[in-house]
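Construct all of the structure, not just a fragment, from the sequences and the given hints.
Residues per chain, in single letters:
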Amino acid sequence: MNNTPLSTTASDPKRRNLRAPIVIALAVVALGAPMVLGTYAVHAMVIALIFLLPAHGLNLLVGYTGMLSLAQAAFFGLGAYASALMSIHLGTSFPVNMLAAIALACVIAVPLGIPALRLRDTSFVMCTLGFVIIGQAISKNWISVTRGDMGLNNIDKPTVGLAGYSWTASNPVEAYYLALVLAAFATWVFWLVVRSPAGRNLVAIRENETLAESLGIPTWNYRLAAFVIAAGFGGAGGSLYVHYISVASPLMFQTLYTTTMLIIVLGGGAGSITGVIFGSFLFVALSEGLRIAPELRMIAYGLSLLILVFRFPQGFAPFLMRIWDWAGGVDKKEGSA
Amino acid sequence: MTSGKVSVLDIKGLTKTYGAVTAVDNVDLHIDHGEILGLIGPNGSGKSTFFDCSTGLATPDSGSVSLEGSDITNWSLNRIAREGRMLRSFQKTVVFKKLDVEENLVIAGQMFTFPSVLSTFSVGKRSRMRIEGLRKHARELIELTGLGPVAHMAAGNLSGGQQKLIQFASMLMPDPRLIMLDEPMAGINPKLVERVIDTIRYANREMGVSFLIIEHNIDVVTSLCSRAIVLDQGRKLCEGTPAEVIANKQVREAYLGG
Amino acid sequence: MADNITLSLRDVRSGYAALDIINGVSLDIPQGEFVALMGPNGAGKSTLLKTIFGMTTFKGGEINWQGRQIGGLATRAVLGSGISYVPQGRCNFPLMTVQENLEMAAYTIRDPQVKADRDYIYELFPSLLKRRATLAGNMSGGEQQLLEVAMAVLQRPKMLLVDEPSVGLSPAAVGIVFDELLRLRDTGLTILLVEQNTRKAMEVADRAVILRLGEVIWDGKPADITHDELGELFLTGKMRAELAHNEKLSQ
Amino acid sequence: QDADIKIGLVSPNSGANARYGSFAQRGAALAAKEINEAGGIDGRMIEIFPADSVCTPVEGVSATQRLINQNEVDFIIGDICSSVTLAMQPLVEDAKVVLVNAASSNPQITYQAGVGGYKYSFRNYPTDEVRALSIAKYAAEKGLTKLAVLSVDSDYGRGAIDFTKKYIDDLGVTLVSEDYYKEGEVDFRSVLTKVRKSDAQAILMYGLADTTPIIARQMIEAGLAGKLPLLGNGEFSAAATIEAAPKAMDGAIEAAAWLPAYDSEGSKAFVAAYEAAYDGEEPNNHAYGHWETLHLLAQAIDDADSIDADAVVAALEAISFESPMGTITFDDHHQAIRPLLLLEIEDNAPVVTGSVTGAVTYADN
Amino acid sequence: MYFLLEQILNGVSSGAVYAIVAVGMTMIFGVMRAINFAHGEYYMIGTFGGWYATSALGLPYPAAILFGVAVTIVIAYVIGKFVMQRMIGAPVEASVVATLGVSLVLQNTAILIFGGSYKFFSAGYIEPVFFGDVGIAQQRLLIILVCILVFLGLELMVGFTRMGKTIRAVSQNIEACEVVGIDVKKVVMTTFILGTALAGFSGILTAPVNVSVYGGMGEIITFKTLPIIVMGGLGNVRGTLAAAMILGIAESLVAGHFGLQYRDSVGFITLILMLLWRPHGLFSSRARF
Ligand SMILES: Nc1ncnc2c1ncn2[C@@H]1O[C@H](COP(=O)(O)OP(=O)(O)OP(=O)(O)O)[C@@H](O)[C@H]1O
Ligand SMILES: Nc1ncnc2c1ncn2[C@@H]1O[C@H](COP(=O)(O)OP(=O)(O)OP(=O)(O)O)[C@@H](O)[C@H]1O
Ligand SMILES: CC(C)C[C@H](N)C(=O)O
Ligand SMILES: [Mg+2]
Ligand SMILES: [Mg+2]
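Protein chains in written order, with our numbering: chain Y, 1 to 337; chain A, 338 to 595; chain S, 596 to 846; chain G, 847 to 1211; chain F, 1212 to 1500.
Only true hints are included.
Mimicking SDA-like on lysine to any residue, the simulated pairs with C-alpha atoms at most 25 angstroms apart in a straight line are:
1) K1396(F) <-> V1303(F)
2) K1011(G) <-> Y1208(G)
3) K473(A) <-> V487(A)
4) K528(A) <-> D819(S)
5) K1396(F) <-> P313(Y)
6) K434(A) <-> E1386(F)
7) K753(S) <-> D781(S)
8) K795(S) <-> L719(S)
9) K435(A) <-> W191(Y)
10) K349(A) <-> T578(A)
11) K1292(F) <-> F310(Y)
12) K983(G) <-> D1177(G)
13) K528(A) <-> G770(S)
14) K1396(F) <-> I704(S)
15) K1114(G) <-> E880(G)
16) K942(G) <-> V36(Y)
17) K753(S) <-> E1386(F)
18) K528(A) <-> V487(A)
19) K654(S) <-> R1297(F)
20) K435(A) <-> R1297(F)
21) K473(A) <-> N541(A)
22) K1397(F) <-> A701(S)
23) K1093(G) <-> F1341(F)
Not the full set, but computed from the structure, chain Y residues with beta-carbon under 8 angstroms of chain F:
24) P115
25) T122
26) M126
27) I133
28) L305
29) L306
30) V309
31) F310
No lab work stands behind these hints, which were simulated from the structure alone. This one's a predicted model, so the numbers in the text were calculated from it and none came from an experiment. We put the beta carbon where it would ideally sit given N, CA and C, even for glycine.
Right, here's the structure in full:
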């Protein structure tokens, strides 16, 4: 699943292939976790699953296309507000709101992306950070719609219904299964995108944009497409988040969210699906786990980031890859790290 | 200039200045169908800039570029490559560093195999088959350029010459009409140079690809090109068969070093 | 041959991280010799130069330079001991002018002579003088190559490691560069040159060393090998037997 | 021997609002110590579980979840920031854990509590609605009819101004300009220059405690000090504030839930105990509020004779708590009916000039 | 008219502060090729140092400046040794995560040591001087003066000294630096300390007018600085000054004419508009492909 194709590696037939058992075990853990874990841990896992959605989007930009965008938080906030407003004013249900949030995020991403994509590197980063700041200013100042700092609250818990039969995820455990299904679906969609020839073109753009251009790849179109798709993932995450947490406020545009998404992707391993999934659980778990020492929590979190960077400068993806290779009975010679 | 037929590429009055330097000064150039044209000249004479201006990487100050009779002067680099099927390599070796050789080549072929940007998002059977086809072609080229043993190594970790070969092989992935090579032989070992020459000839003869080649290795120019153009200080100094050009006194002074 | 050996490699092994590229190279270079290192693409020529210059993972063996072990030393220490290096591919400060690049090249040298050296370079390569206020990165490929050679020369090394200096140079410029290398050789500079332009290399070098798959497969005078044999060696590595034979003779 | 009573305390301990969390924790810890030293509640000790909300809903909700599910707290006090409190309300409702808020002033919180919906939410703090009205009235009485607004850009700052607008027409007061600053803002020069050029007679400010000294000092810089008084709320009376810019603070008028200088025996005793416990640090109103709220909760538990949520809810609804500020009761929206003090800074010290009892009328909301 | 003049003067004085902080950040960006997300934290450390010196040690303001800068340098040295030097040649992503980590650690350590509440800085010279109807605090005049001096000094250093040239060299090509014998680690360290010391210095300079001292104060400064360094052209000293002034004045005018609540978006809106006009920053050069 790593974008960098593996070297041709020969698997040793004598060793047992552990991949299938590992996948099955992970699936069992994912499905069974809420049965054994306390509500609080389940809540943390829901948050991790929710953050996985915008993180996928960010990964598409950072890990695949090579654009460090901070605007994910803006689309996350946009999706959240859109869903919340629809839920409050139109009384529409969660699936409708989520689709609307995705659509809106994608649509808004076009006029934002067109000017932003003229920029490269740090200029692009700053421009996208600007979107978040402006998003925050709008949510704070457009009081007639967003209620400013008071935020929107009491948003319905996510309800999915089919022909008269409906089900509401009213507690963390139920929300977990809903989030799990959505996150799995999103991961699948993401996987299709990056595995497609277009995904390969995105990687080419990341590696060398001018070279990609010279090989006929309309890099501008692809970068815009990636930006829009990423925005869609961001919007989806925001929608799920707001229905779960039931509050929307301008604080959603705070740096905390941007930073969390960034850390999940960069720490997990940009350009790797498994790395990012791992990252979202790890960093949410870390942030929650450190609550045992409130005064030291953020210091410890900061230190963990430093250790992470020194120990795993490329994130966890290469490490996971090694485990996967080992499980498959593959002995890889050259270090591709 | 030439008898009735339309040239593959016809460039008129191309000029590009950077500040006080006129890198390319009113240069005309045409390449006939099936021709292998050499472009030589001293360092800094404007050859690479000429490439940049004719392929959309840089915008010329004036002049026109037409490909098979249609004007492509203001087309972008990617459009010239994709729609014009006119490809170029860079003097400075560039590859997709973290990808292996095979992926490098597959990418080079993709935009010519899929009809649109949208269609590249598909992962259906058809799309997979297209990619399979590209992979097969890539493997052939890898063998041809002697990159077999390193086919699955990250391109950025290869030697200078090996990277140069990837660039060359990339040009052959699509089915191009014109290939512009900026010093393809630089840093390639002499044995492989022969192989590259053979490959160029083959592509020229069997696939009908025309070539415009910048090269400082005069032997290569003499053995490959039917015609050569010499640039000096941005201007066309002379033009003719390689033998004629080499015999030219000015060329000897400016370029070959007496 | 023994006493004036200035650089001596013994069973040197090196590579990149876990990857082994140089598999036991031994080589003795007397002071003032001009050695051409040749071989097919990917043979490990550049890696060998980088190994001497301290830019790879050193994995064993000995590199003795003027009586000192420099194997595995950091780049700056190697440079400080009098070895300069012109890498393959672009290696300059693209957003500095030519003049500034030349100043940076002599970074470690602080004496008034530096200016005279620079003037000499300008005289040698008039095209650089013409471009002295141009940003290095905006120059043509060949002009940048010249600049990089000039930068190494300005460091007043006792030994020069040059990786494919002829790449991108016009025949006239190649002539000037090689003439300069020869002149420096005549002043006592030891040169280890990597070249794909074998014809030119064989013409100027005192000695040719051929590397294949990280091992020396031939070592001798250019006169002792024909061009075709050289090509054959590149492709197949045959003649290994002959090399062994040569070695025996020299002992 | 019964187990300890576990009380969760949600407050911001990191980020730009850490100051409030620190005061809240110290106040609550002091109260817990006092209660435990006096033998606890029916012999049961109180244990406080602090949790950091960073003033953001997601963190606050996580913190609350952890308190409920992991620490299995019996009660929760918190948060200071209204946005977090609003997000916590549905959570404690589902978990049937009693939440007593001691510092969030957004009126919404109790509009939707008690008969308004959330059974388990209480607030022991005045609302911005009451505060805005009393300040506006007081200003009108003093003849300050042209006000320049400089408030914090939050539900509290904006909310208070919104409620001010509801009443000023009747009082003949006008707002000549309106500016809102973001939490953490440090540069007010442009706004103050603008105010100086306008015909405003006073600055109406619902601000953050930490920002008041900054504005005050910059008022000196802008040449406004001593010319226009500050009006509103933002710990004007804190010694540190006055000390930072005495010239600007002179004549300031504030409506506060409490102030260290409040002249009542209980309050003085609290200040003394607090300063003794924390190296002479002067408590602020959130330290007091959390201290008082914990005592109030303890009495409710005592009254209920149980830690059963419903029993404690009933006890709180019926409570009549003798606080240093007077008797506190809750209305049917679980909003405390408690006094709000009006005070004025004279000669570098606050003087209490009046007190309003904050009863909220829910009719038009 | 006077109003406008006064607002512009206010803008210049905020711009001067931004400029000093930003120029340090842009120089660090120059050598590291990475945004230092912890830059504002050094501003915070400097301010804390100055505050501690005046309020706990009872030192006079000028001595507090020295004390604050010294504290910043010591801490920057430690961070430089353990974190920044290791980031040389690391992928950009790694430095993003690392500097975010450093930021969290420094910010929350300050909170742990001094408590989360605001401290108030009461030294300095805040009484205004009036020129006709235009008033300005003496401290702000001092800030503007210092800014001019700092920039003159830096301009000379970057343009003419060996140190300045090596900084530029490191920012352009680390491999080439090794080849010519530049000690990259040392240059990174020196630049880092210089840049952070400037941030700390400007923290103490501003403390008298910004008054508040608290653990989280650096984050705001970091985010103010980011658009400036991009506008100014990364690594460009002169551009940074210009961009900081543009931003300072624009903010002041917006706050004076439209309202304070719109001020924080000004930086990013200006940035976005400017980037649309000049995608590579106000003053920046790029080499050909
Ligand atoms: N972006 C630019 N800015 C300034 N000068 C430029 C720029 N691009 C090219 N030049 C100048 O134009 C001239 C021509 O450069 P060009 O690269 O085309 O030469 P060339 O013929 O390819 O030389 P070589 O054989 O060395 O590759 C050079 O002198 C160079 O300095
Ligand atoms: N940075 C690197 N990481 C990993 N492997 C590398 C790296 N650089 C080179 N290699 C490998 O080392 C081998 C030798 O490379 P080297 O650059 O020394 O070859 P060379 O003899 O100089 O070839 P050329 O003539 O093409 O320059 C190659 O197979 C290449 O794949
Ligand atoms: C600290 C206070 C200013 C908080 C404010 N009362 C609020 O509701 O958020
Ligand atoms: Mg060229
Ligand atoms: Mg090489």
